[in-house]
Structures are given as C-alpha cells and as structure tokens.
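Q: In the order they appear, the protein sequences are chains A and W. Numbering-wise (my numbering), the first sequence opens with residue 1 and increments by one. Numbering-wise (my numbering), the second sequence opens with residue 1001 and increments by one.
Don't read these hints as lab results, they were simulated from the structure. Quick reminder that beta carbons are idealized off the backbone N, C-alpha and C, glycines included. Hints may contain errors.
Listed next, the stretches of chain A that the computed footprint assigns to chain W, with coverage defined by at least 3 CB atoms under 8 Å from CB atoms of chain W [claimed, not checked]: (1) 203-216; (2) 276-282.
The list that follows gives simulated cross-link-like pairs (lysine-lysine, DSS-like), each with its CA atoms no further than 25 Å apart [unchecked claim]: (3) A/Lys216 to W/Lys1150; (4) A/Lys289 to W/Lys1004; (5) W/Lys1112 to W/Lys1097.
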Amino acid sequence: MKFISPRELRELGVLGMNSRNVNYIGRRNPRKLFPLVDNKLKTKRLAQEHGMNVPELYGVVKIQHEIQDLEAILEGLERFVIKPAQGSGGKGILVISERSGHEFTKSSGAVLNLRDVKRHTSNILSGLYSLGGRPDVAMIEDMIIFDPILSHFSYEGVPDIRVIVYRGFPVMAMIRCATHASDGKANLHQGAVGVGLDIETGHSICAVQKNVKITKHPDTGYGFEDMKLPHWEQLLTLACGCYEMTGLGYFGADIVLDKHRGPMILELNARPGLAIQIANQAGLAKRLKSIDKMKSIAMPVEERVALSRQLFGQQPSMF
Amino acid sequence: MSSKIQIIVVAGILIAIGLGLTLYKRFELGFPLLPGERQDVWTVESKVTFNPTGGPVEISMALPEPRAGWVLLDENFASSGFGFSIAEGADGSRQAKWTRQTLDRPATLYYKLQTYRSDEFGLGASPVPDIVLPELTDDRRAAMNRVVEKLRERSSGPISFTALLLEQLVDEKMDQDTSFLFAGHESGHLGVIMDVLAFAGIPAQRVKGVFLEGGRRRQQISTLVEVFDDGRWHLFNPHNAQMGLPVNFFVWERGERFILDVIGGNSSQLEFALVKNTLPVKTVLSMEQQAGGKLMLDFSIYSLPVEQQGMFKGLLLVPVGALVVVLLRVLVGIRTSGTFMPILIALGFIQTTLLAGLIIFLMVVGAGLWIRSYLSHLNLLLVARITAVVIMVILLMAALSIVSYKLGFNQALTVTYLPTIILSWTIERMSILWEEEGPHEVLIQGGGSLFAAILAYLLMTVELIEHLTFNFPELMISLLGVVLLLGKYTGYRLSELYRFRYLRKDWQ
Chain A
1 MKFISPRELR ELGVLGMNSR NVNYIGRRNP RKLFPLVDNK LKTKRLAQEH
51 GMNVPELYGV VKIQHEIQDL EAILEGLERF VIKPAQGSGG KGILVISERS
101 GHEFTKSSGA VLNLRDVKRH TSNILSGLYS LGGRPDVAMI EDMIIFDPIL
151 SHFSYEGVPD IRVIVYRGFP VMAMIRCATH ASDGKANLHQ GAVGVGLDIE
201 TGHSICAVQK NVKITKHPDT GYGFEDMKLP HWEQLLTLAC GCYEMTGLGY
251 FGADIVLDKH RGPMILELNA RPGLAIQIAN QAGLAKRLKS IDKMKSIAMP
301 VEERVALSRQ LFGQQPSMF
Chain W
1001 MSSKIQIIVV AGILIAIGLG LTLYKRFELG FPLLPGERQD VWTVESKVTF
1051 NPTGGPVEIS MALPEPRAGW VLLDENFASS GFGFSIAEGA DGSRQAKWTR
1101 QTLDRPATLY YKLQTYRSDE FGLGASPVPD IVLPELTDDR RAAMNRVVEK
1151 LRERSSGPIS FTALLLEQLV DEKMDQDTSF LFAGHESGHL GVIMDVLAFA
1201 GIPAQRVKGV FLEGGRRRQQ ISTLVEVFDD GRWHLFNPHN AQMGLPVNFF
1251 VWERGERFIL DVIGGNSSQL EFALVKNTLP VKTVLSMEQQ AGGKLMLDFS
1301 IYSLPVEQQG MFKGLLLVPV GALVVVLLRV LVGIRTSGTF MPILIALGFI
1351 QTTLLAGLII FLMVVGAGLW IRSYLSHLNL LLVARITAVV IMVILLMAAL
1401 SIVSYKLGFN QALTVTYLPT IILSWTIERM SILWEEEGPH EVLIQGGGSL
1451 FAAILAYLLM TVELIEHLTF NFPELMISLL GVVLLLGKYT GYRLSELYRF
1501 RYLRKDWQ
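Could you put the whole structure together from the sequences, leaning on the hints where they help?
A: Right, dumping it as structure tokens:
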C-alpha cells in the first residue's frame, strides 16, 4: 500500500475534500440554490424555461394515490425511464427499453409486469431512494438513445459526461462508462470507468476503473485511446449555460449525448466528486485558482468556453 | 480571507480563555490537574416534601453525625422563604429546623452533604435504652409467648435469637404463631421485630441510614436493627438477616428518634438522590477550604443539585466524543454512518462496558439486518417499515436480556442503555446501503462508525479525561476553539493520500 505525500498532491494542484467543501462549495454555492439541483424535477423545469436541451418529461407521480394513473401516463410509450426527483448516486432509476403490452423489459434484459413498475414507483414516492428517506416524487421521462459512437464504451447503461463548471468556465471533464461491475450505473465508486477528456478537443486523456488506470473497456474490450466526443463545443456551451441558469459557482453538469437530439442535460450536482482528477491525472485546484486570478469573468458563454479550451486544453494523452 | 482571520482570532481567544481559567483554577484554587489518589465521594441530597395544612410550619430533621468511619465533607441547605437554624443537643446531636409562619402550597426543602468513608470502623458504643414492653392484646400476647419460647429453645443467646427470628422472616418460613404476629403488619415488620426483641428482654434499637448506590434518585431511608449483648452492640440487616454494618450503609441516626418531624404539614416524604464521584480527595478537600467567596467555585458544576451533577458528568464527555468524530472525519477521512451516531453508541458502551456492548450491538444489528431483509420483500411504506424495525429492535433487546439472564450473563441486561432509535436507524440505513451499494459499503461505513465509537469510548473512559472534563469544564471553551479551527481546515485528509496514490509521478 503506497501513499502520496501531501506535498506532491499540492504540487499537482489536487483538490481535497475539505478544501472543496470550504473554499468552493461553501463560498460559491449559496445554500438557497441547492434545492434547484437537488431536485431533478426543479432542474428540468428550470432548464426547459431557459430553453436548454433536456430529455422529454412524460409525467410526474407525486402521491401514492396517483400511481393508478401510471398506466395512462405510460400509454403508448415504448421506452421510458422512471426515476426519483431527489435520488442520489443513480439510485432508483428504472430504465425500460422495450415494451410489449404489459410486459416491460429493463435495459439489462429482465422482464417486469405493470405491478412491478407500480411498486417501484411507490418505493420512489415513499423515499426509499432519496437522501434521508424523505418522501419523493417520481419522474417519467424519455429514455436516451445514446450516440452510437459511444456504444463501444458502455455496458448496459448510458455513459454520461461530467463537466465541472467553475464560475461559468468549464474546468475539467470526463465521461463515465457503465460496466458489468457497476451494474449498468455510471457511478465511479461502483466500478464504472472514468475517462478524462481534454477540454479543448473532447479527446480521451486517461481511463481509470476503481482508481486504477486501464486502456480498454473491461466488458466490451474496446480501447479508450481513440475516443473522441462529437458535438464537443455544443456540449461545453450547454454545461456552462447552467451557470447563468442556476447561479451556482461550482457544480458538475451531467450531460448525455443523444443519437438524435445531441447533448442533453441530465442533472446538475452542487457537490461534484473529486475522482474526476484521477481520470484526468490532473489537479482541479490549480485550474480553479487560475479562474480566480482572472481580472474579469463577465463574458458571454461562448467566450468563456473558448477561453477555457485555450487555458486547460492540450493535455498529453496518458495511454 | 477575512472570515478565515476572524475564525483564527475567535478560536485563539476561546482557547486562551479556556486554558486561562484552567490555569487559574490550578494555581489559585489548587485544583489538581492530575487525578491522583482517588476516593469514592458520595453526594447525598435529601429532599423533604410536604403539604402544608395551614398555620405555622415547623420542620425539624435530625442531621447525621460522622460515624463508623464516614467523614462529612460539606453540607448545604436550601430552603427559600423559610427561617432556618441548626440546634445542637447536649449529646452533640444536631437538628436542622425550618420554620415559617404561613405556607399555602406544597414545599420542598433540600439538605445536601458530601461524605466518604475513610475507615471501616464499627458503630461503637452507645447508651443502652431501657426495655419498654409492648402493649398487646391477649391473643397476640399468647402468640408472642410461644414464638419467644420456641426461639429461645433453639438459640444460644440474644445474637442467635435475633438471627433466627430474622431468617424466618427473610425465608418466609414462619410457623403459625409467627405468621399471626406479623400478619397485617407488612409495612411494620420492623415494629413487630422490636416488640419480639423487647418481649424477650433483649435491649435493641433501630439504626437508620441510606444505602449508597450510584445514580439513585429516589432512595428511601433503610433501617437496621441493633441488639445489645455481652457489652457490645450487634447490627442486623432485617432484609437479608445478615450481621454487621454493610459497607455502603451511611448511618444517619441511631436510636428511636424520628429523622423527620413536620408540624403544620402532612404527606411529608424524605427521599435521597445519590451520586458517586470517584474524585481525588484533594480536590474535594481544597473545595472545602476554598468554598465561599471565590466566584469560580460558586459557579462550578459542584454548586448544582446532585441530580444535575450526575447528568452533567455524562454530558461533559459528549464534546470529547464529538471531537473524535470531527477528527476522524476531517483529518482522517473515515466514513461513519450518520455524523454523531458513533458518540451515542460510545455513550451506550460506557454503561454496558466495551466488550458486552460490542457483542450486543453486533447481535442486535446483525439479527435486525436479517429480519429487515425480509421486510424489504413486503414492500411497505417507509414510515411503517421504520416503525416495524423499531418494534423489532425492542423485541430483540428484550429477548436478548431475558435469554442471557436465564443463562446467567447479567451483562446483557445493560442492553437498554444502547439507544433504541439509533440502533433502528442503523439497521435501516445499513439495510438500504446493503441493497444499493452491496455489503462492501456496509462494512466500510459500519466499521467506520464502530471504530469511531470505540475510539470515542476509549478516550471518554480515560481517568484523566473524566477528571479534566468534570473538574475543568472550562476546557470545553478551548475545545470549541479547536473545533472552529478544524472547521476551516482545508488540507488533505489522510484517506486522500491513499485515494490519490496513483497520481504519483513514479507510478506507472
């Protein structure tokens, strides 16, 4: 078991949990804005008001009594996702990719009947998947058909792109690819692969699974070294637009690439994790400080994106 | 930046105040910083309650004398609105007198003393009272005659006579005559015992006092019986027929006088609240010498009523446990389930002792998790499910207590000190964690919580820390300063040095 010295971490500009909480979340994210992002329904409505690209919302189930209306909401839907508005870490998300009558097929292949779907919804409402067990609401929305370019890099789940946005500037990005070990969830600590992405080009820098560097996807076998995300500029612009939308100074935007509709905002996170630094083999603190050193940050989204790509781009590939 | 400087200044002032007060107490008031030689010091708070019947009220209470090695350290009286005096009798006995012209509602009077037993002497000599023959009806006299006759036949003298009589009562193997004598005198067994002894011509008297048992709030006066034989007094405990002065019996009054005498009131009651402080005698002695005039002492924890002192003793340890959790989370980066759950568990461990507490905790949580996994199949609403878990935990605790008690492990009876609701929430959270993240995460968070709890427990039971928190509560102000500083710590956690180990340059 090896350790890294604090000095080396400081030299790399790695952001630690305490510093993140005190210097960035505590200072840049006013408490009253948290509900906007902790509740995905609020985020979605806000994003729709601002004309942001989000997966279509089919319906919302707010109280147990309304579960009987679920059948009507699902009428005619071939694919859909049911998820808790205040879930965390991808908990409680039910993805139905195929349907024939009252038989619902999960993306993993398991078949459910309507009663199972209703029970899942009931569990969501009673707060089973929500922070602190608070009562929650269930959202039914469109299933994302992800861009085929990414299909080599994900197993049984939607890969999502996390962009850390600091005061409106994109500072670091990675794509999280589900694996068999992560049970189709794009959660790094459950075993999903995190691939650091160059801010300028959207090209892969380094891939890690459970903190260990890898070169190819453990389930699909495709190498990550040639991965390059399409619509990169559009994606960064979408992420940074959320700064004006929410007012949060430090957040992570989770974005998916839909085959037909391009980059879409899935959710925002006011307390983004630090593992992105391992996937990028680079420290966040350094980049955050260089933003703080700027004389003026008042500029349109496009200029901010361009400036960031210039500042933080051209990372050497680690493959 | 300014908030950081502010915090440093505020924290610095707080730490300085705490340390300054501590040093003042150490050097000006002579409180020892180290625990040193220890002595069980008992604080006995007697509480007199009564309802006034109108008219002048006069309450007199016999005060204890130092007897049988007990040393009285300190006495306090509390009685707002009453005239108060202490009357000294010719034989050196003292009586506290509270008087008041009118009183229209129930009143409570307090008398508090601190005492410890320096030597285990016996009670010593005391004048032998005259034997007063009881007045009896004819049938009782006849029964009494036969009882005394029988006991005399079987005993060799007054001592074995008394022992035999008491054994009969304790074992409840009474013959007809004895049953007849004692029947209808459930509350007054003692009176009948005294009658029998008087009838048999044995000089006897009562010895009233308090059994000192830690943490008791409503202890009553207990009475022992003393018989005179062969030029000496011999003491018996009528509740278990054992001879001799019990070690923890604090003698209040010897002889037939009443302890409490209330004129102008009824329903009077005398109760005792007891707290044991294992303190350095020096501390209490220096308190003794210094008391009065010194502000710091008047405002110390010792000036509180005994019941609250006992509560504070536990309460003052909580910040120490909290500090452990803060350090582990902020500096080390250990994950615990719930921020302060470990402290509550640690407080529970103090009551149950570590090993027993751990075993009980693991058994209840383990069994709870197992049953809870069944509940999750039933698809219940959250509130109902949690309630089910709470009920389950209480049942488990009861079952554990009963089974282990039958098996002869008394330790498991302390299970009630573990906080039920915390156990239930632990089970609920662990169960969800298990389903969502797998057993690995349960092990990490559960293990982290237990580790923090054990560490907090070990620290909270260190003699020095108990001594410091109770005698120098102002150290808490310093602790507050330290915690404020920790709240602004933005350096790396120990766990992060491991987490980011692959960022090392030499690692490929």
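Q: All the hints need checking, so say for each whether the structure fits it.
A: Status of each hint after checking the structure:
| no. | hint | result |
| --- | --- | --- |
| 1 | 203-216 | holds (count 4) |
| 2 | 276-282 | holds (count 3) |
| 3 | A/Lys216 to W/Lys1150 | violated (100 Å) |
| 4 | A/Lys289 to W/Lys1004 | holds (18 Å) |
| 5 | W/Lys1112 to W/Lys1097 | holds (15 Å) |
Hint compliance for this structure: hint 3 is the single one not met.
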